[in-house]
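Single-letter residue listing:
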Amino acid sequence: MTLATILDTQPDDAIAVIEGDESTTYAQLRDLVARTRAGLVSAGVMPGDRVAVVCTNTRAAAVGVLAATSGGMVAVLLDPSSPVPALRDQVETIGAAHVLTGTPIDGEVHTHVSSPAGAAVVGIDPLPDGPPVPAAAPEPDDLAVMLFTSGTAGSPKAAMLSHHNLISNQDAIIDTHGNGLIAGSVVLATIPISHMYGFNISLLSTLRVGGTVVMADGFRPDECVELIATHKVDRLAGVPPMWRSLIDSNAPDDAFEGVVRIASGASALHPRLWQEFKDRFGVELQEGYGLTETSPTVTSHIGIPVRPGTVGKPAPGVEVKVVDHDDNEVPFDDSGEIKVRGPGVFLGYWENEEATKSVLDDDGWLATRDIGVFSEDGYLALVDRAKDLIIVSGFNVYPFEVETVLVQHPKVDQTVVIGRDDERRGERVVAFVTVPEGSSAPELDELVAFCRERLARYKCPTELEVVTELPIGASGKTQRRKLS
Amino acid sequence: MALETGWLQQPMMRIMKPLMHRMWNLEITGLENIPTDGPALLAPNHLSFLDSPFTMSLMPRRTLAVGKAEYMDDWKTKYFFPATGMIPLDRSGGDASQVALDAAAAALDSGDLFLIYPEGTRTRDGYLHKGKTGVARLALRTGAPIIPIGLVGTDRIQPPDRTMPKFGEECGIHIGEPIDVSRYRSRIDDRLVLRQITDEVMFEIGELSGQTYVDVYSGEELPDDTPPLVDVRDPKPEASPAPAA
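So the protein sequences, as listed, match chains Y and G.
Under the working numbering, think of the first position of the first sequence as 1, with each following residue one higher.
Under the working numbering, think of the first position of the second sequence as 1, with each following residue one higher.
Treat the hints with care, as some may be off.
From the structure, some residues in chain G lie toward chain Y, with a derived Cβ separation under 7 angstroms [claimed, not checked]:
(1) R183
(2) L192
(3) L194
(4) R195
(5) D199
(6) E200
(7) F203
(8) Y213
(9) P223
By construction, these hints were calculated from the structure, which means they are not laboratory data.
For glycine and all other residues, C-beta sits at the position ideal for the given N, C-alpha and C.
Same shape as in the complex, but just chain Y (with noise of 0.2 angstroms):
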């Protein structure tokens, strides 16, 4: 199977996408599918061609990037909020020959993208068009799908897809015996389309096995619950500044009482939060891990006990390994690299062999940059990216650790963690918090206290900054960036 067949078997009255008040059945989107790739084909766009697909989660996202694979051309996903230098930027590096976009950007990237880039910019809505052409038949092994990430290996890289890792990583989270996708899954997408989760776990893994996708144009909680309650929407996933701000709201107690499953991923789900979720909606939110390089499915908790604090097990046909600097594996209570291997696994990155060479190695390994720990019954729990660490005289302090102590402190609401170079140590623990509403900003020796009951004396922060908000990325990632 390839993308371009993806739609081939659901019923025709199924539905497959809902926006806004409109639906969609799978015979209208196969027809509008058909329709924009002939539109491309007939405005000169060729096999292997990229067309780059620049649009918020709307059912024109869907058809521009199934007419682009259906029609053996490459689909390059981007994201609308990033700032319009940065996506021309995208489209040159990518030599894209046509770019979609969704009506209300339309007009600024248009402006602002086509004529450095040279490609020829159209929107979705209303469609492309022109005379019939078959859908190709491309190869399981080519090019189907790139997506810019930064995660893995430095400043954005436009990752290669093919058709395979794809789909071989839909595999893995559609099941029938766990709370994986199954037939009439009505699946919320409140996840940006332009991340390889909202893209190959809620759009296409949805429409592969003829769920319906309520496409969700951003995050906002008494949205969220509307279009659950309005659409039986029985699975969702997101991000945990999401779970923290439909705590905070006034959703009701039983928003979530039809949905069987509740993915979080992105960033680390510390345990308390889990809990007071699972307080507030009786419903546990099962923790993933996943990498735009990997499909992105690495490990989930489908089909097993829900265990907070990790993000499962690996998936079906995933490989996962935890190794030391010298690669070797460490053993169950010790921490190190994570590694995948497996049909997900990308190709590389767009014309920066350097890149690739830097995170696959030759026997098909993907170093993660994160650093996990395995418990002995095989599920795996994020420690933190090895970016992230922060080493004090020669000593690992993962920064999540530090954050789910100073969580727990009455006068902090949110923190994030970073290292600083210190002469002495290497480096030093810094922490930024923001203040609970009504309550005073806390002292730093406040916290150290604190922090010197439940950890070791190296990990304690020794730098204090208060800010009023931390600075949060589109797909729910602290951009600790920002703050060093």
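Could you slot chain G onto chain Y? The hints should help.
The following block gives chain G in isolation, referenced to the frame of chain Y:
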């Protein structure tokens, strides 16, 4: 009736301690951190063959440690070592490390001090090496606090290539504040807990011994980016306030 392990230790200490002070320039700090009763794990860095006799004979009460069963085959050590606190390691019961942990737990359960080297073996390069998790396991199992100890200069008194100690050298035994592991007990299923306790112990040992820490086990090759050996002690170590008694 068989004599109790360590029966000779305290009488010998009364003789040895003044002699040791005459033979070497000893600096002992933090003795008040040794609890007057109840179990505790003594966790020093490991530089020299002399570390055990020095540490054990300077403690104010009985201190036990496990030793190789081979010592029991040699008439020179067969009686002397157990009399001074060595619990011979009986490997016939199966897994040697489990047997050692059981022996240690039994000593702690009876309220004794117990000496264990987190690094496992002597450092050959002067660095403080990654700790093994046995000390953390024992502390969680028995509830005994861990007392980090920084030894300085025992390797100058008896380097690995010498059979006889050199006299007149300086040597420091710095005893840190007890690490209470009870705060980790609620996380006993957390796989990282053992490593976190162990690292906490190694950090405090490093603060007391002044060694540079490397995150590889003793005997393993040092990583390329290993920093040079420098004294990392605080200018005023928090945990070594008292001069020798």
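So, going through the hints one by one against the coordinates:
1. R183: holds (6 angstroms)
2. L192: holds (5 angstroms)
3. L194: holds (5 angstroms)
4. R195: holds (6 angstroms)
5. D199: holds (5 angstroms)
6. E200: Holds, because the Cβ-Cβ distance from G:E200 to chain Y comes to roughly 4 angstroms (cut-off 7 angstroms).
7. F203: holds (5 angstroms)
8. Y213: OK, holds: G:Y213 within 7 angstroms of chain Y, min 4 angstroms.
9. P223: G:P223 check passes; min Cβ-Cβ to chain Y is 6 angstroms, inside 7 angstroms.
The earlier numbered hints are all upheld by this structure, with none contradicted.
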